[in-house]
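Could you build all of it, start to finish, from the sequences and the hints given here?
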Amino acid sequence: MNFSSPIILIGIVAALLLIILFLTIKILKLIKIRNSSVYLTLFQKSIEPVLLLKEGKFIDLNESALRYLGYETKKEVVNISPDEISPEFQADGQNSKNKAERMIRMAQQYGHHHFEWEHISKTDELLYVEVSLTVINIQGVEHIYTVWRDIRDKKQFEQELKLAKEKAEESDRLKSAFLESISHEIRTPMNAIIGFAQLLNHQDNSPEETKEFVDYINRSGNSLLLIIDNIIDVSSLRSGAFEIHTTKLNLNSLFEDLYSIFHFETSVKDVKLKMDNKVKDKNLTLIVDGSRLRKTLFQIVNNSLKFTEHGTVTFGCLRDGPFLQFFVHDTGVGINKEELDNVFKVFTKGTTKGEKLYSGTGLGLSIAKASVENMGGKIWIESEVGKGTSVYFTIPYNIQRN
553 MNFSSPIILI
563 GIVAALLLII
573 LFLTIKILKL
583 IKIRNSSVYL
593 TLFQKSIEPV
603 LLLKEGKFID
613 LNESALRYLG
623 YETKKEVVNI
633 SPDEISPEFQ
643 ADGQNSKNKA
653 ERMIRMAQQY
663 GHHHFEWEHI
673 SKTDELLYVE
683 VSLTVINIQG
693 VEHIYTVWRD
703 IRDKKQFEQE
713 LKLAKEKAEE
723 SDRLKSAFLE
733 SISHEIRTPM
743 NAIIGFAQLL
753 NHQDNSPEET
763 KEFVDYINRS
773 GNSLLLIIDN
783 IIDVSSLRSG
793 AFEIHTTKLN
803 LNSLFEDLYS
813 IFHFETSVKD
823 VKLKMDNKVK
833 DKNLTLIVDG
843 SRLRKTLFQI
853 VNNSLKFTEH
863 GTVTFGCLRD
873 GPFLQFFVHD
883 TGVGINKEEL
893 DNVFKVFTKG
903 TTKGEKLYSG
913 TGLGLSIAKA
923 SVENMGGKIW
933 IESEVGKGTS
943 VYFTIPYNIQ
953 RN
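In this note's numbering, each number is its position in the sequence shown, counted from 1, plus 552.
Watch out, some of these pointers could steer you wrong.
Once the Cα atoms are required to be at most 27 Å apart in a straight line, the calculated DSSO-like pairs of lysine-lysine come out as [what the hints assert, rightly or not]:
{"no.": "1", "residue 1": "Lys606", "residue 2": "Lys651"}
{"no.": "2", "residue 1": "Lys651", "residue 2": "Lys609"}
{"no.": "3", "residue 1": "Lys706", "residue 2": "Lys719"}
{"no.": "4", "residue 1": "Lys939", "residue 2": "Lys719"}
{"no.": "5", "residue 1": "Lys626", "residue 2": "Lys649"}
{"no.": "6", "residue 1": "Lys824", "residue 2": "Lys834"}
{"no.": "7", "residue 1": "Lys889", "residue 2": "Lys719"}
{"no.": "8", "residue 1": "Lys763", "residue 2": "Lys858"}
{"no.": "9", "residue 1": "Lys717", "residue 2": "Lys897"}
{"no.": "10", "residue 1": "Lys847", "residue 2": "Lys897"}
{"no.": "11", "residue 1": "Lys821", "residue 2": "Lys847"}
{"no.": "12", "residue 1": "Lys606", "residue 2": "Lys627"}
{"no.": "13", "residue 1": "Lys727", "residue 2": "Lys763"}
{"no.": "14", "residue 1": "Lys597", "residue 2": "Lys727"}
{"no.": "15", "residue 1": "Lys847", "residue 2": "Lys832"}
{"no.": "16", "residue 1": "Lys627", "residue 2": "Lys597"}
{"no.": "17", "residue 1": "Lys706", "residue 2": "Lys717"}
{"no.": "18", "residue 1": "Lys651", "residue 2": "Lys626"}
{"no.": "19", "residue 1": "Lys719", "residue 2": "Lys897"}
{"no.": "20", "residue 1": "Lys651", "residue 2": "Lys706"}
{"no.": "21", "residue 1": "Lys930", "residue 2": "Lys830"}
{"no.": "22", "residue 1": "Lys824", "residue 2": "Lys800"}
Simulated from the structure, these hints should not be mistaken for laboratory data.
Following this line, the structure appears as structure tokens:
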């Protein structure tokens, strides 16, 4: 055969090229079939949820995905789009339908895409998944091979971490506010003590003025002592060193002492102080932590007087089986329902409806709650804005008759 003819040579080269092209196409088809076969094998055997997407809709899913979503048959899932088993909006605020379409386009553009997603199970449980999209060809048709990894534990941990961070920040904020408040609360009685002590040095003071100055110094000293006691108590409370020591305490004497302490304060306000001891036995002696009980009642009555501009403050006690139930009623400003859960928290101070912040350290009721619970009782509050507040607490008791 004569190969010198150019036409014959061109024909031979063309034939060889056709053969090479045919073989190349056949090899590529075999590779695609092999690759799709690998993916299909992984699809069936994977312990993780795996789904197949075609033209934006699920066309198949493995048993792991079916169980994860809570469905019984594949028919319930095939031919639906990802957003149909998702909340309307994702955690980042994006519309699920729009975002799903964009995620698929990115996978088609780059061959692979990875992101987090929220789905909803058949029972409306929110499912947090890490999604991996990979473009594959099955018999020459483009599919999106979708793998889910459950990250609910990760999301729960992140949420707990976020809440812990917010709680720590709130605690720091309250502590800073408390330190600022305590500085003011300490300076106020200290300034009074120093000021009236200086006035006592004047030689021309009348006996009445001298007595008045001494009374002011005593009251300011008692206020300062209460603040210091509260700081010590809350330090003991937070360190776990809050202890109870039982002693003998005459109930009637306790009430009379409290009445005497607060009588002067109510006499200079438009508030009437009432004592309502429903335990009539004047000789009733309790075996309790007298110091804690006295301080608890003092804190609560003092708090009621602080928030009552007009009307009455009534404190008393009654028997309730093996418990004594103490109560303090006032006709003060009342407490918003939103604030009721916070009144016993350390460093928290109340406000009125008009957001008037009253003086105080914000420790009294938290210490009262700790004292009552350490004595084996419980404490609770009922309140209505504009009508007043009632504080109740119970303690178990033993009695000794004199």
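Now for the hints, and whether the structure bears them out:
For the suggested pair Lys606 and Lys651, the alpha carbons sit about 17 Å apart, so the restraint of at most 27 Å is met. At most 27 Å may separate the alpha-carbon atoms for a hinted pair to count; Lys651 and Lys609 meet this at roughly 14 Å. Using a Cα cut-off of 27 Å, the hinted pair Lys706 and Lys719 holds, with the two alpha carbons roughly 20 Å apart. With a C-alpha separation of about 32 Å, the suggested pair Lys939 and Lys719 falls outside the 27 Å cut-off, and the hint is violated.
A hinted pair counts as satisfied when its Cα atoms are at most 27 Å apart, and Lys626 with Lys649 qualifies at roughly 21 Å. Under the criterion of a C-alpha separation no larger than 27 Å, the hint pairing Lys824 with Lys834 is consistent with the structure, at around 23 Å. For the suggested pair Lys889 and Lys719, the alpha carbons sit about 21 Å apart, so the restraint of at most 27 Å is met. A distance of roughly 26 Å separates the Cα atoms of Lys763 and Lys858; the hinted pair therefore holds under the 27 Å criterion.
Using a Cα cut-off of 27 Å, the hinted pair Lys717 and Lys897 holds, with the two alpha carbons roughly 18 Å apart. For the suggested pair Lys847 and Lys897, the alpha carbons sit about 18 Å apart, so the restraint of at most 27 Å is met. As the CA atoms of Lys821 and Lys847 are separated by approximately 23 Å, the hinted pair is consistent with the 27 Å bound. Between Lys606 and Lys627 the alpha-carbon distance is near 16 Å, which keeps this suggested pair within the 27 Å criterion.
Distance check on the hinted pair: Lys727 and Lys763 sit about 39 Å apart at the alpha-carbon level, beyond 27 Å; violated. Restraint check: the Cα-Cα separation between Lys597 and Lys727 comes to about 56 Å, which exceeds 27 Å; the hinted pair is violated. A hinted pair counts as satisfied when its Cα atoms are at most 27 Å apart, and Lys847 with Lys832 qualifies at roughly 22 Å. About 20 Å separates the Cα atoms of Lys627 and Lys597, which keeps this hinted pair within 27 Å; it holds.
Between Lys706 and Lys717 the alpha-carbon distance is near 16 Å, which keeps this suggested pair within the 27 Å criterion. Restraint check for Lys651 and Lys626: satisfied, since their Cα atoms lie roughly 24 Å apart, inside the 27 Å limit. Taking the CA atoms of Lys719 and Lys897, the gap is about 13 Å. The hint holds against a cut of 27 Å. Distance check on the hinted pair: Lys651 and Lys706 sit about 22 Å apart at the alpha-carbon level, within 27 Å; holds.
Restraint check for Lys930 and Lys830: the C-alpha separation of about 20 Å stays at or below 27 Å, so the hint holds. Taking the CA atoms of Lys824 and Lys800, the gap is about 30 Å. The hint is violated against a cut of 27 Å.
The structure is inconsistent with the numbered hints 4, 13, 14, 22, although it conforms to all the rest.
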